[in-house]
Amino acid sequence: MKIRIRLHGRGGQGVKTAGRIISTACFLEGHCAEDSPMYGPERRGAPVLSFVRVSDGEPLEERGYIEHPDALVLLDSSSVSRSSPFYGLRTDGLVIINAPLLAPKFAFPSVAFDVSSAALRVLKKDSVSAGAAALACKALGLTSIESLSEAVRMEMNEIGLRPELIERNVELARECFSSVPTVKSFVHAHDPSPTDSNDESSEKLVEIPQMVGLQPIAAIIATGNSRLNETGLWRLTTPRIDYSKCTKCIVCFVYCPDSCITLEPDLTPHIQYENCKGCMICATECPLHAISEERAVPA
Amino acid sequence: MKKMLTGNSSAAWGARISDVDYVCAYPITPQTEIVETLSSWVNKGALKARFVNFESEHSMFAAAGAASLTGARVFTCSSSQGLIYGLEMLYSIAGWRAPLVLVNVSRGLGMPMILQVEHGDVLATRDSGFIQLHAENCQEVLDLVLLGYKIAEDSNVMLPVVVNMDGFVLSFARQTVDIPQREAVEKFLPRYSHPRPLLGLESAPVTYGPTTSDGFVYSFYKYQLHKASLESRKVFQTAAQEFFKIFSRRHHAVEAEMTEDADYIFLVTNSYSSNVRAGVRSLRAKGEKVGMVKLKMLRPFPREELAEVLSQAKAVAVFEQNLAPGRGAIIYPEIAEALYHSQERPDVLLSFIGGLGGTPLGMPEMEYMLKKCKEFLKTGHGPEQPLLLYRSEDWESMKHSLSKTGLPVSREVS
Ligand code: SF4
Ligand code: SF4
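Protein sequences appear in the order of chains S and R. Going by the working numbering, 118 is the number at position 118 of the first sequence; the sequence numbering is gapless. Going by the working numbering, 692 is the number at position 393 of the second sequence; the sequence numbering is gapless.
Simulated from the structure, these hints should not be mistaken for laboratory data. None of the values given here were measured: they were computed from a predicted structure. In this text, a Cβ means the ideal position worked out from N, Cα and C, and glycines have one as well. Keep in mind that a hint or two might mislead.
[What the hints assert, rightly or not] One-sided excerpt, in silico: chain R residues whose CB lies under 10 angstroms from chain S: (1) 469; (2) 472; (3) 474; (4) 478; (5) 480; (6) 482; (7) 486; (8) 574; (9) 578; (10) 661; (11) 663; (12) 686; (13) 688; (14) 691.
[To be verified] Covered, in the sense of this in silico footprint (three residues per stretch, anywhere, with C-beta under 8 angstroms from a C-beta of chain S), are these stretches of chain R: (15) 567-573; (16) 692-703; (17) 706-713.
Could you put together the complete structure from these sequences and hints?
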């Protein structure tokens, strides 16, 4: 039997570390495990993924992204509202989410625990990777609490945390582990036949045409298309302009590194939130302190 | 000792347990983790080696080759554009007969610029004289580094080795890797000593890589290089047997699986071998007589072994992750040549290109390749080759991307 887990979160949240903790715990438990992070540049706040594959010994003959996971681990509930993480989740798949117990209802069975609050209490900061990994290990019945604790120690040591912080992460992991039920036992996990390994055969291949002209040459002539890259998804903090204080000096407009502040003819500034990545340079530069900081998600 | 390691850290461990003396580094994604790991070990004293970060891959390879001639065991690594930038030196190193190990982490060659896997980089080095070994998983990365030194330093070979792993899919994926004990490695890989080290001693002068204007001189040495490379097939076999005795893991230049009764064989290299194996298993479960052949050694080219395992099949699908414009896939013609003089040979030999930049290889691709082979067998007519494996959903995304470029819609050539 095999189980495929896809983790969703945001750059800086520890999505990769959470994946590594799960797979190391499974490895210590004697399972066959594999993990890999998302490919490409990881930016703070940007949506990121990582992947874990576990089996009880059969070789894991798959590579790359997991398109059809058996379980999702969502490191914060903003990943639900901002992008749909449910694509490809098997119909009997499980959603494991860091959220208050009154988590949003999904079309899938779910396990929720407020890891963020526990982390704020235990670690004094919202650092959820160990806790989220613990939810997965327990909810999926993958490992014992001992293997999990050891995995947290190993992975947190690997990223260079101080010993006392490591132990507090272990404490957080143990609390999360004890707070959720095992919903699916690993041994009863959906056991896909090899035909259904990582992709559905319904996907068809096509012969792509040969083209002449400019399109077959990798070139872009459209301007202003960086706007299409919704960097607003990266935002952990949101700048808000207090127009009662604003003198329309346009300093924020000049300093915004992503040109996502527009001006009305009378120079009133407006922040374009689709692209504002929340760097807060505008707030730092505003001479009138008219821009305040609002947390988009607890970070 | 079993550990969860990425392909990159497995390569670093390979260098560490081979007790290398000199590490030549120049970072490039997706290879940087290898040099980072090695530099931290050297810094902490866990690896007693000299670590030098160079100003370019070209200088890095030059230093690596020269250091190897002094009798130091040398490790270096690169990827993609970096490898190609240093390509000139790879021919020199091979010509100097400098037995070092270079790990390449395969990444596509721009343009367009990409960080994901394609084998154009490592295959561009195929005619340099380097022995070329390709890894399927993280364990093989480590094993092939060990085997690499063993073959390279053999007195009948004295050639550099490139060990290839796929960028991202292997370099950043963690798997369980068995790291052998030091004593076992020492037994397998005794200290390297060069028969005539380049030490700058007045008492033992030596010049490597002299210049000549005579064709007969040039021909002589080039031919010796070729012969030494061919010789390394035997050396690899012996080394692999010894490796199995000590470490209980088998390695062959050509690895055939489920081919005994196979009518259709998929040929593959590197990490996508795992996908092909899973595909072959599931096609077998549906009653298809399929098998696979994994090419672990690309240079020297194991043509006899290949001919032997492929000749019985009705059709062979050659899957490659490279594209030589105006030619097709790079390894395919070599397979055709290997089979040319076989008494029995497959009726159909088809070339498929996929996984470029990390595109998927799953059941749709496996079924498509099988279907094309069957059609060809039945009708006697084949498609124009190679066939690119491209998913319809990817084509939809591509059309969407094209619409965003602002370029006028181009005409399709029918
Ligand atoms: S926070 Fe301010 S400066 Fe930064 S991107 Fe948003 S609007 Fe621009
Ligand atoms: S910098 Fe501050 S005061 Fe000036 S335009 Fe921007 S928000 Fe208004």
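Exercise. Holds or violated: is the Cβ of residue 661 of chain R closer than 10 angstroms to a Cβ in chain S?
Worked result: Holds, about 4 angstroms.
Exercise. Given residue 469 of chain R was flagged as interface, is its beta-carbon under 10 angstroms from a beta-carbon of chain S?
Worked result: Holds, because the Cβ-Cβ distance from residue 469 of chain R to chain S comes to roughly 8 angstroms (cut-off 10 angstroms).
Problem set entry | 8 angstroms C-beta test of the segment 692-703 of chain R against chain S, three or more residues | holds (count 5)
Exercise. Hint check: is the beta carbon of residue 480 of chain R less than 10 angstroms from a beta carbon of chain S?
Worked result: The hint is violated - residue 480 of chain R has no Cβ within 10 angstroms of chain S, the shortest such distance being about 20 angstroms.
Problem set entry | Residue hint residue 691 of chain R, partner chain S, criterion CB-CB below 10 angstroms | 5 angstroms, holds
Problem set entry | Stated coverage of the segment 706-713 of chain R by chain S [criterion: 3+ residues, CB within 8 angstroms] | holds (count 8)
Problem set entry | Supplied contact hint for residue 486 of chain R, tested at 10 angstroms Cβ to chain S | Nearest chain S Cβ about 28 angstroms off; hint violated.
Problem set entry | Restraint satisfaction for residue 478 of chain R [CB to CB of chain S, less than 10 angstroms] | 14 angstroms, violated
For this session: Return the status of the interface hint for residue 663 of chain R: holds when the least beta-carbon distance to chain S is below 10 angstroms, violated otherwise.
Result: Holds: closest Cβ of chain S sits about 5 angstroms from residue 663 of chain R, inside 10 angstroms.
Problem set entry | residue 688 of chain R as chain S interface residue, shortest Cβ-Cβ below 10 angstroms | Cβ of residue 688 of chain R sits 6 angstroms from chain S, so the hint holds.
Exercise. Against chain S, is residue 482 of chain R within 10 angstroms by beta-carbon distance?
Worked result: It is violated, given that the least Cβ distance between residue 482 of chain R and chain S is near 25 angstroms, above 10 angstroms.
Problem set entry | Claimed coverage, the segment 567-573 of chain R by chain S - three or more beta carbons nearer than 8 angstroms | Satisfied; 3 residues make the cut.
In summary, the numbered hints that this structure violates are 4, 5, 6, 7.
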